[in-house]
Every structure is written in C-alpha cells, then in structure tokens.
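Peer 1: Here's the letter readout for the chains.
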Amino acid sequence: MEKSEVLLEVKDLKTYFYTDDGVVKAVDGMSYTIHKGEVLGLVGESGCGKSVSAMSILGLIDVPGKIVGGEIIFKGENLVGKTPEQLRKIRGAEISMIFQEPMSALNPVFTIGDQIMEAILIHQDVSEEEAKNKTIELLGLVGIPEPERRFNQYPHELSGGMRQRVMIAMAMSCNPDLLISDEATTALDVTIQAQILELMKDLQKRTGMAVLFITHDLALVAEMANSVYVAYTGKIVESGDVVSIFRRPRHPYTYGLLSSIPNLVSEKTKTPLPAIEGMVPNPYHMPLGCHFNPRCPFATERCRKEMPELAEIENNHFVRCFHPVLVNESEVVS
Amino acid sequence: MRNYVIRRILQMIPLFLGVAIVTFAVLSLVGDPFAQMAINPRIRPEDIQRLKHAWGFDLPWYLRFFKWFWSMITGNWGVSIFAGGKPVVEIVARAISYTLRFSIASLIFAFVIAVPIGIYSALHQYTLFDYVFTFFAFFGMSMPTFWFGFILMMIFGLRLNWLPIGGVMTPGMESAPFFARMLDQVKYMVLPVIVLSLFGMGSWMRYARSSMLEVIRQDYVRTARAKGLPERTVIFKHALRNALIPIVTLLGLTLPGIISGATITETVFSIPGMGRLTVDAMLSNDYPVAMVCLLLESTLLIVGNLIADLLYAVVDPRIRYS
Amino acid sequence: MAIDITTSEETLTGRIETYWSIVGKRLRKHKLAMLSLVVLILVIAICIVGPFISPYKFSELGSIEEVLQPPSLRHWLGTDELGRDVLTRLFYGGRVSLLVGFSSVFSALIVGIIIGAYAGYYGGVLDTILMRFTDIMFSIPVLPLLIVLASVIPGAGVWKIVLVIAIFGWMTDARIVRGMFLSLRENEYVEAAKAVGVSNSRIIWRHILPNSLAPIIVSATLGVGGNIIYEAALSYLGFGVMPPTPSWGNMLQNAQYAMAIAPWLVWSPGLAMFITVLAFNYLGDGLRDAMDPRLYR
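Keeping their order, the protein sequence lines are chains A, B and C.
Each step along the first sequence adds one to the number in our numbering, with nothing skipped, and position 140 is 140.
Numbers given in our numbering equal positions in the second sequence, counted from 1, plus 1000.
Numbers given in our numbering equal positions in the third sequence, counted from 1, plus 2000.
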C-alpha cells in the first residue's frame, strides 16, 4: 500500500502509573505512525500498554497515571502539553473512540438518541432539530433498523451488538479523522463480531478515516489492518505491514502469538511451536534485559542483560530482538 | 410503569398482613392487658368486661386477631384506656404533629448539607476536604445519639444557657403573638434537630460519596469524556444522574422515620412525639394506643419501601420497563 | 480465533498470593484502620485487665462523703451517685458492652448466614418464603418490639439483651449472604463440585460460604459498633443491661439527671463508647476497601 500523508505520530511515548506499590511503566517508549486512511493494528496481551497508549492520545489518563515523555503529533501538532480544553475539542470530533464493553459504555439513564446528539451538539454548530436528524441518519448508517423508534430507547433495551453499533454511530457523528477501536468486538458473539467488523471496514472505506485497531486477537488484525504493531510490556517489539508480519514473523513473541492461531500455523506445520509459556511479567518487577526473555525459548545470556533496540530487519519491518526467528516462508503462509 | 406500580402495590398486601400478624403475636406475649386493671378498686368489673369484649379478649386468639385487624383497617381505633379515655386518633395525631416538625427539619438539614458535601468529597478524593469530612461523617455515625444530646445540653443549655434543654415550648407561650410563639418553638427545636441530623448527615455523606465514587469509574463516564463533553457536563449530567439513583432510594427508605419518630432523641429532650408515645403506651399497657402505633409504624415502613421502589423506577429507566 | 489470554490476578501481576494475604497487605496500608485495630486491642485489654488492678469493686458503695465526687487522685474519673468508683465501673461496663456487641453480632450472623445461605442456594419456594419472612421482620418497628421482648423474656442477664438484639439483627446479614450465594452458585467450581457428587450442604458450607466471607466480615465489624450503641440506647431507656451490672449504656442512664452537678458522669462512659464505636467503623471501612474486588486491577 502506498503511503499517504502522516496523520498521527506517536513518538517514544511514556505513560507511567505512580501507585502505592511502585511505578508501573504501562507505556514505555512506544512509537507508531498512522497515515491518513490507514488501518493500524496494535496487538498484544492484556497489560501490554495498548489501551493506555490509546487513552494517552485522547488525553484521558487519570491520576495516578501521567504522560512522562514523548510526543503525540496529530495533524502536525503535539497533543502532549495541550490544555485539557484543547484536547476536549479534539476528542469526539477529530479523534473518537469505541470501547470493549458496549453493555456498560452507554449511560443507562439517557436515551441513545440523547447520547449521540450530545456529541454532535458539543462539536458542531447545529440546531437540536438538525442534530436529531443527523443522529437518526447515523443510526441508519450503522445498520440499526427503525432508527426513529430506536432514537428514544434506552441502552438496556438494545442487544450488545446493537449497542456497539450505537457506540460506532456516536464515534462517527463528527466525521473523525481517526477512530480508535479498543477491543471493540471482544465482548461480542462471534457472528455479531463479524458483522461489527464488516461495518467498521465499510465505514472506513466510505469515509476514508484512519483507524487505530487495538486487539489481542491477531486473526482480526489480519482481516482489518494494513500495518501491524506488536506490543509487549509497554514497548513495540515488532512492526511492519500486515503481509510481512504474518508471513515472516521475526520476534519470538509474534511467532508465538501466530502459532496459537490454528488455521495459520498449527494445521500446516507438523511440529507447531507450543503456545507462549509463562505469563506477562509483574509490572512492578520487570525482568532485566529483554522483557520477553523469561518466556523466550531462544533467550541467551545477552538477552538477560541487555534490552535490544528496535531494528529494521528488512524494508519497513522492525524487530526488537537479538536473535530474530528465521522462518521458512512456505511453512507459515496459509 | 403502571403495571409496575400495580404489581408493587399488590405485593404489599401479604407483607402488610404478615407484619400485622407478627405485631399482634408479639403484643399477645405480654398477656391480657386488662388483667392488672382488676386490682384497681375504682374500676368496675363491668367496665373491664366491656373492654375485654370490645378488644375480643373473650374470643379465641385467631378470631381476636381478625376482629382487631378489621377495626384497624376500618379506622375504628377506639379510645385510650388512660388519658381520660381520649380517642386514639387524637392522641396519635397530636404526637405525629410534634414528631413531624423535628423530623422534617432534621431530614432537610441533613440531606441538603450532606449530599453535596459527599459528592464534592468523591470528586476530590484524598484531598484535605475529603479527609476532614470523611472524619466528620465517621464522627456522626459513631456518636451515640443520646450522649451527643447530653453534651449539647451541658454546653448550650446548662453552661452557656442559650437554649432550652427539653420540651417543645415555654409554658405560657401558647397565647403569645404568632412570631414570638414561633421563635420560642424554634429555640426548642435547635438542639434536637442537630442531634437528629448528626447520624443522618454522616451516613448521607458517606453514601453520597461512595455512590459518586462508584459512578465516576464507570465506562459510560469514560465514554462521555471520550465524546469531548466538558467536564462539568460529564459530572453533573452523566455521573450525578446515576449517582442519585441509590441516594433517592435511600431517601424513600428514611421517609417512614419522619412520622414514626426517634424514641431516643424524644426521650432525651422530653418531646411528646410518636416514638415516645409508642414506648409509653406499651409500658403502661395502653393496649389500644400501642396497637395503633405499632401497626401505623409498620405500615409506614412498608409504604416507605414502596415509595423507595417507585422513586427508583422514576430515576432508573432500567426498572421502569422490566 | 482468540489467543488464550488468562486474565486472572496472578497472571497479570505475576503475584502468586492468596486472596487473604493480599487483603492483609492492603489493610496494613490503611493507616486509620490499623490505628483503629490498635485502639480496639487496647480498649479490650484495658477492660479485661483493669478490674484486677483497680482497688475498688464495681458494686462497692462508697461512704456518704464519697458520693458524687469529681475526678481526683483517689477516684480518677470521680464517683457516681452511690459513691462507686466510675473508672472501675467503666472497666466492667466495657466488658459488658463489648461482650454484648460481639456476641449479639455473632448470634445474628449465625441466623443470617443460615437463612441467607439456604434461600440463596436453593432458590425457588424456600427462597420466597425465607425472604418474605425477612421482609416482614424488616418492616416491624424494632425498638418498641425490642422493649416488649425485653420485658417478656424472663431474667435480667446480659444474655437476654444479646438474644433480643440478635432476634432483630439478622436480616441484613441474611440479605447479604443470599445475594452472594445467588451469584456464587452459578460459578464453575460449584458446578464442578455438583458434578462429582458433593453433597449440597458440603457445597454450601465448604465451597460457597468461604467465598462470600468478605462482605460478611465487613458487616460484622460495623455491626459490633452498631450493637454497642444499640445496647446503650436500650439501657438508657431502661430496657437493657440491668443495674447493678454496669454497661456503658446504663452508666449514662442516670447521668442525665445529674449532669448539672456531676458532668464527669456523662463524659467518661460516652467517650469510651464513642472511641470504641469509631474504631469499629474505621476498621470496617478499611476492611471493605481492602476486600473490594474491583480494586484489583
């Protein structure tokens, strides 16, 4: 895919949480770039810092969390250091976000129409009447039947999939340049999940907005994204376009994640790598050296002492590893 | 909504019957309330017989229950055995009128002060303000009511001599001009209202605080922020509306207390209200008065529960339609 | 196909700790709760040891010169209207008040747990019956009926008060326990236990109850403080612990009439009670925070 203009550039972002038990470096020097109209997949296990980095972009990090370093350049302006009021004007208008739990993400005491209209009225100079029409139009756009009737319904009267559609309508209400989807389909049934993904893809194509697609599920990334960033313990460990990541994963962690997707690896190869052993390290006690070394089958003495840098291993394919996995391409290709 | 109201009202009926049975049973434990009248030589045996018949003490207990229950719900409450045979309705109404002025004043006082403080505390968690009022709330909840009453009496009544230490008005003020009479009665209200509010204030404050704390970490508050709403809209529209749901419910549950009174505080400050009337009637075996008081109070509790549920349905759309 | 990601506490943090050791650690960080615990231990210790050290007996009447004496070296907290040493009575009264507080909560808890557990576990008709009964008990004005019971149940001992308070004190516990059982009985480990043929009563007592202890412990801690005030209120009205046995409540009973001439009679029992109840409330609050499962993030 040819690269267009840069929309958002996260540079060496550091978001730390200062808790009673110590400092948690939730995001520790993460960098990624999203171009206009691009879908970027950010992948990792819970606690890898992917959601925190998204909340940092929106300026929604609460005490005890704090952005302690790095830049978030959005349309040429650094969002870090902007006043809360400036950030508020960007939120929901130019960058909007949908969350994991459609059940609890909508306010139970207001109608869904109210909640979508509110976003429009805040950011656009329109009358209530226009906002209402726009809302009904949006509800139709995201595939909600009988939008006029639904307008006056409360969230509890809608199914999970419908609620996520409402969330999407709300996020789309001001034609954002960037949509952040944080595990937006994780809580849904598989069939509903497919429908919601289809809707997001469709809307993305129609509007040309960029999407930051956050998930723990690599299979979804393959379906949605143009480029992929894999995060582990607050750092990017591998990045590249979707083809090179899926065909030639070089970081043992990415390799492990991929090998646990049955139809991609296990069924093809006779000797599948076992799923990644061990667990995400305690955020208060990160291992020395490469943070992945306790779980890595290829770890050496050097890995236990030094943190590798992110290095370009082939054109536009970066890996943070001293001993990148060498994969026979034919083995992995599905 | 209408179906919900009807269903809730129908559910009250067996509860009401159950409460009536338990009340009746407990008072029956005391035995024949008219037995001790026989010792008094000034009461004629015919009168005792007449009373026993009127209250069904010549019937088996289950018939006596129905007879009593019927006269209760038809408003045929009879007359007091003592107090010169005054109608029970009159005695109870008078006691309620005293209780109301203290309870309403203290409820408003507690609610209006405590709920905003609690919410402010939640929004400024772990600040000096929060710590000070959290301590105050615990202070209020840990203070034995009557002891707090004693202390106020000792300081403001006995030492400073600013306020009267008991009763409801200065003797002889009944015929004073309106404003002088009001002022006099307000003076008698100050200390009891403070005592009555203290516990409520503490618990309202804690309740409002924890309710708000619970709400501001909900996902929909994050959604509201992600929409780019101004912080005051996030707090005062999205969060507050939800935080008020449990507060309103609790308000409904405190309503019965407004009429049934607070026995302890009424005792400390010699207020002839409902709480004191109930206890006195039971102690003096004034059977007609005691039965009415008890049943009235339990009815109020049940009605209070109903009001709490209905308020709940008003503020929370999830209840309304299910 | 989702990658298997376990989200249990241990996995996320790498801590292999039991729930209770985490609770203990978090409670130790709650300064006010720890201070309260120390205060409570001190109060209990003083009440136990005090009477042995005191040169007076709690019912020992003083001579006429010793009636209503203000605090002095001989009587640190003064004497009451019968010339009895207030400090000594405060120790004994503390024993009685604490005993009433603890044992009434304990008895109410047993009733509440049994009713709540069976209602929540079995559900259906049993649940309906038990919960309607709980509703009825909740809808009865407690104080007047407490007074009737106190006058009907024979005897004048401390245990009568415990019984009376417990009879009207189990409903909240029952509702809490029922709520916990309703949600816990759906859990996998209960299904698993059923599948391998564990008896219902064993599931209730060995599998579900230990997992619903947190809210019960909080409610019990707050309850002890609440019941100490309850006893005091009953005693103040003349239906609680009967003289000459002192309790913090009945020591205040006569204080009201003597407050103009002997304010020290008002101060000491009330202050002792206030500090104790405050400590129970703070401790309960600290426990609630320490056990709050939502704070595990």
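Hints may be right or wrong, so weigh each one.
For lysine to aspartate or glutamate, the following EDC-like pairs were computed, each having C-alpha atoms within a straight-line distance of at most 16 Å [unchecked claim]:
| no. | chain 1 | residue 1 | chain 2 | residue 2 |
| --- | --- | --- | --- | --- |
| 1 | B | Lys1237 | A | Asp21 |
| 2 | C | Lys2031 | A | Asp20 |
| 3 | C | Lys2025 | A | Glu5 |
| 4 | A | Lys89 | B | Glu1231 |
| 5 | C | Lys2029 | A | Glu198 |
| 6 | C | Lys2029 | A | Asp21 |
| 7 | B | Lys1086 | B | Asp1058 |
Derived coverage of chain A by chain B (criterion: at least 3 residues anywhere in the stretch with Cβ under 8 Å from a Cβ of chain B; other residues may be distant) [stated by the list, open to error]:
| no. | region |
| --- | --- |
| 8 | 85–96 |
| 9 | 101–107 |
| 10 | 281–292 |
For the record, the hints were derived by calculation from the structure and aren't laboratory data.
All C-beta atoms in this analysis are idealised placements derived from N, C-alpha and C, irrespective of residue type, glycine included.
Peer 1: All the hints need checking, so say for each whether the structure fits it.
Peer 2: To see whether the hints hold, each was checked on the structure:
1. B/Lys1237 to A/Asp21: violated, 34 Å
2. C/Lys2031 to A/Asp20: With a Cα-Cα distance of about 13 Å, the restraint between C/Lys2031 and A/Asp20 holds, given a limit of 16 Å.
3. C/Lys2025 to A/Glu5: violated, 52 Å
4. A/Lys89 to B/Glu1231: Distance ~12 Å between A/Lys89 and B/Glu1231 Cα, so the pair holds.
5. C/Lys2029 to A/Glu198: violated, 49 Å
6. C/Lys2029 to A/Asp21: It holds: about 10 Å lies between the C-alpha atoms, which stays within 16 Å.
7. B/Lys1086 to B/Asp1058: violated, 24 Å
8. 85–96: holds (count 7)
9. 101–107: holds (count 5)
10. 281–292: Per the Cβ count (0), the hint is violated.
The structure fails to meet hints 1, 3, 5, 7, 10 from the earlier list, while all remaining hints are met.
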